[in-house]
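Using the sequences and the accompanying hints, generate a full structural model.
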Amino acid sequence: MRGHPEISMKEFDHKKIDKKWQDYWETNKTFRAIDNSEKEKFYCLVEFPYPSGDGLHVGHPRSYTALDILSRKKRMQGYNVLFPMGFDSFGLPSENYAIKTGIHPSITTKKNIENYTRQLKSLGFSFDWDRVIATTDPEYYKWTQWIFLKFFEKGLAYKTKMPINWCNSCKIGLANEEVVNGKCERCGGEVVKRDIEQWMLKITEYAEKLLEDLDTVDFLDKIKAQQINWIGRSEGADVTFKIKDSEEVLTVYTTRPDTLFGATYMVLSPEHEFVRKITTKEQMSAVEKYIKDSAQKSDLERTELSTVKTGINTGAFAINPINDEPIPIWVADYVLISYGTGAIMAVPAHDTRDFEFAKKFDLPIKCIIKPNKELLEQESIQEQDVLKGKVCWPFDGVAIHSSNDKDLNINDLDVDSAVKKTTEWLEKQNIGKATVNYKLRDWIFSRQRYWGEPIPLIHCDDCGWVSVPEKDLPVELPEVEKYEPTDTGESPLALLEDWVNTTCPKCGKDGKRETDTMPNWAGSSWYFLRYIDPKNDDEFADFDKLKYWMAVDWYNGGMEHTTLHLLYSRFWNKFLYDCGFVPISEPYRKRTSHGMVLGEGGEKMSKSRGNVINPDAVVEKYGADVFRMYEMFIGPFDQAAAWDTKGITGIYRFINKVWRLVKESEIQSGEIPDNQQFIVNDTIKKVTEQIESLDMNTVISQLMIFINEISKEKVQSKATIETFLKLLSPFAPHIAEELWQYIGHDKTIAYEKWPDFNAKYLKQDTIVIPIQINGKVRDQIEIDANTGENEILNAAKAAKNAAKYLAKGTIVKEIYVPNKIINFVVR
RNA sequence: GCCGGGGUGGCGGAACUGGUAGACGCGCCGGUCUCAAAAACCGGUCUCAGCAAUGAGGUGUCGGUUCGAUUCCGACCCUCGGCACCA
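Taking my numbering, I'd label the letters of the first sequence as residues 2 to 828.
Hints are supplied without guarantee of correctness; some may be wrong.
[Said to hold, decoys possible] Simulated restraints on C-beta separations: (1) K821 - N676: 16 to 26 Å; (2) S286 - G509: 25 to 35 Å; (3) K361 - S418: 27 to 37 Å; (4) D216 - Y159: 50 to 60 Å; (5) K622 - K821: 18 to 28 Å; (6) C580 - E384: 55 to 65 Å; (7) E693 - D216: 18 to 28 Å; (8) E693 - S418: 41 to 51 Å; (9) M560 - K798: 53 to 63 Å; (10) R119 - K821: 48 to 58 Å.
Bear in mind the hints are in silico, worked out from the structure with no lab data behind them.
Think of the CB as a built atom: it goes at the ideal place given N, C-alpha and C, for glycine as much as any other residue.
Given below as structure tokens:
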């Protein structure tokens with residue numbers, strides 16, 4: 002312990018005290034996490050920010066403060082805590098800024114990281130600053146590239162033509178985030194799909210594991226629900242249809258094979274490879290036109306027109322394998338090429354989309370489900386209308402008209418049994434099989450952009466795509482003149498001939514470097530692993546260290562990352578686990594999320610609305626502790642909350658009250674006095690438990706109750722004050738350290754033992770019990786806590802106001818819930 | 001349309017497993033101190049009636065279960081977030 006600061010004897014001067022303790026923590030490396038320590042570890046993680054030019058948003062500290070409180074408490078409870086911070090610094094704003102000004106993104110990034118670091122430090126977070134990382138650092142992205150090569154080597158990275166968002170007026174590819182309501186975010190121009198060769202990561206290979214393993218982790222239910230939805234698993238069957246007068250067979254995917262009896266036509270997606278093969282001569286030109294039209298539809302049109310069905314008849318017929326009836330094959334863009342087989346059997350009687358389509362094009366509708374009576378009533382639909390095919394019935398019921406002369410009869414079966422029996426029959430006949438499908442798509446991993454990790458591959462005409470050898474990593478981003486994507490939509494790197502042209506690492510002949518870069522999500526997909534060993538030059542992290550620290554015990558972040566970052570990083574970790582590079586399959590044991598911080602009045606904070614709150618200004622005026630506590634007091638942690646400048650006053654008064662209480666009271670040594678035992682122990686219990694459930698607003702309210710209660714006394718016991726300062730310290734660490742020192746300690750409070758409560762003090766000697774008559778509170782009695790039930794009931798009957806009501810009738814029932822309530826039922 | 005939140009005083013919000021609805025804070029009202037103000041402190045503050053004791057009503061709406069419902073069940077309304085022709 003060196004250079005212990007001077008004690009401030011003046012008034013609560015937040016600027017001086019904040020600075021004093023922030024310097025102290027930094028000099029002493031108070032919050033350094035120790036690798037492979039004997040202590041039990043606790044890995045506490047918050048999402049690292051993108052260091053934007055605007056500086057820290059007041060939303061960031063909501064998450065950081067909450068987990069800082071948790072980290073500080075865990076340290077005091079004896080854990081070896083890893084609470085790291087870093088910067089997810091590849092990103093579009095820096096690149097766009099470079100396009101506008103010509104200033105290299107690395108310069109902007111460095112400046113912004115410095116500003117973020119200053120701001121984060123000014124809030125007193127207990128990060129281990131020795132482990133700070135930035136995804137743009139070549140020492141970091143060396144390993145991002147290395148991991149990509151593992152994906153490539155295991156066959157999970159592949160290149161294919163994929164439609165991307167293309168702005169017709171800017172002539173560049175756009176990220177999904179840049180497409181707002183189907184229009185280009187910058188120029189408002191039309192956005193269309195354009196096919197470009199893209200690197201893909203096969204996340205679909207992990208769909209089942211990503212879904213299954215959700216059972217093994219403690220994520221908020223809403224987070225799990227969103228991931229489950231996004232993965233979108235469905236069970237069904239692939240069924241093959243012969244095409245009339247052709248050798249071809251067409252496979253469709255359906256979740257309802259039982260409705261094969263009601264299939265009256267088929268639909269192919271316009272992109273389906275069969276369309277041109279099977280279309281009749283007469284229909285060919287019309288079909289070609291339809292394919293062209295639907296390809297040119299913009300995102301906007303697609304979503305706007307999604308309710309109006311379009312389509313065209315191919316003129317060809319398929320044979321329904323269940324009854325050998327010929328049914329027409331249509332093409333329509335309501336069938337998506339990317340899901341299932343890109344072709345469907347249409348059952349208009351029992352599928353609303355097929356119904357709409359059949360109505361529009363006058364196709365037959367054949368009802369094969371007799372509706373469930375209760376549901377009919379609920380939906381207020383006439384059974385006759387369903388049976389005649391006038392109304393679509395996508396709900397429950399039993400099968401009718403559903404048997405064939407090939408030994409299948411599912412009549413009178415409910416949906417589940419009918420599906421099961423039909424699937425078995427299809428498998429036996431060898432014309433179908435049970436199949437599982439997912440909505441999850443492979444991850445488009447290429448960007449035709451400058452400010453990202455270069456994809457470390459070289460193309461050779463003889464060898465194909467070849468990995469850059471590990472010794473040549475990282476492939477650093479070269480300097481460029483211009484940052485704009487090229488006219489062809491390629492990355493600006495494509496213009497650097499000296500860089501692009503290289504030799505094939507395998508055969509030594511001419512080769513060309515890949516000029517695509519990785520998406521923003523790359524660096525953040527594994528950063529939690531790098532924090533464990535941030536300076537390692539030989540591996541992305543040492544395996545023993547990973548074994549000690551992983552999994553992350555608690556990860557908090559925004560709901561907006563649930564389906565992208567959270568899923569991607571689980572995927573990367575699972576992949577690395579399967580390769581034997583990390584010791585555990587699920588990276589995060591627990592995941593919570595915070596609500597957004599909105600501007601005053603509940604609107605989203607934005608520069609255009611002019612309602613942005615700058616954390617610097619608040620810290621300047623009230624100090625870091627007030628800022629932190631206000632962020633926690635603003636409302637329930639997982640719900641959105643509106644900033645209210647007036648609301649800070651309450652916290653500011655509280656902090657000052659604490660200051661005065663300690664500075665102005667006479668403090669005597671000795672035990673906690675008896676009359677304070679209840680409030681002290683009650684507060685310890687509530688604070689300890691509610692930090693774990695992130696109910697920070699109620700913890701603060703309890704700390705306020707505590708101060709209100711004990712400030713009734715002029716003389717304070719040192720033991721009471723010490724206990725309180727320990728409980729306060731995770732929330733308001735600066736003032737807690739200062740007052741801890743003031744009452745005579747020379748070591749930081751950060752590693753003091755967290756107080757335990759003693760249950761014996763939580764029982765009050767006398768308790769107040771309300772008395773209800775017929776469920777309405779009429780009176781109350783104050784009695785000794787050890788009084789027996791009979792005595793209590795008798796006392797209750799004798800209570801003045803209660804007696805008045807009891808006299809009006811006779812007691813038919815007496816209910817006594819110990820220590821809670823008495824209720825007399827009087828007739 | 002589907003999935004998931006939320007709806008409680010003037011405001012932010014409390015309420016364990018069905019047991020005194022409105023903790024804590026803001027604001028407001030009154031008071032102390034002061035020439036005055038600020039700060040600080042003390043008291044009050046769901047609505048209606050009443051000097052009060054007390055009584056009636058009250059947690060989005062309607063209905064149900066219960067001695068007792070913000071909490072459980074059914075139907076619905078509003079609102080926020082996510083997904084969206086996923087067969």
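* To do: Go ahead and decide if the range 27 to 37 Å is satisfied by the Cβ distance of K361 to S418.
  => holds, 33 Å
* To do: Check the following: the C-beta atoms of R119 and K821 are separated by a distance inside 48 to 58 Å.
  => At roughly 53 Å between Cβ atoms, K821 and R119 fall inside 48 to 58 Å, so the hint holds.
* Would you say the C-beta atoms of K821 and N676 sit inside 16 to 26 Å of each other? -> holds, 24 Å
* Has the hinted range 41 to 51 Å been met by the Cβ atoms of E693 and S418? -> holds, 46 Å
* Asked: Can the suggested window of 50 to 60 Å be confirmed for the beta-carbon pair D216 and Y159?
  -> Violated - the Cβ-Cβ distance for D216 and Y159, about 30 Å, lies outside 50 to 60 Å.
* That 18 to 28 Å hint for K622 and K821 (C-beta), does it hold up? -> violated, 45 Å
* Whether the CB-CB distance between E693 and D216 falls inside 18 to 28 Å -> holds, 22 Å
* That 25 to 35 Å hint for S286 and G509 (C-beta), does it hold up? -> violated, 52 Å
* Asked: So the hint says 55 to 65 Å: do the beta-carbon atoms of C580 and E384 match that?
  -> holds, 58 Å
* C-beta pair M560, K798: status relative to the range 53 to 63 Å that was hinted -> Once the Cβ atoms are compared, 54 Å apart, the range 53 to 63 Å for K798 and M560 holds.
The structure shown violates the earlier hints numbered 2, 4 and 5.
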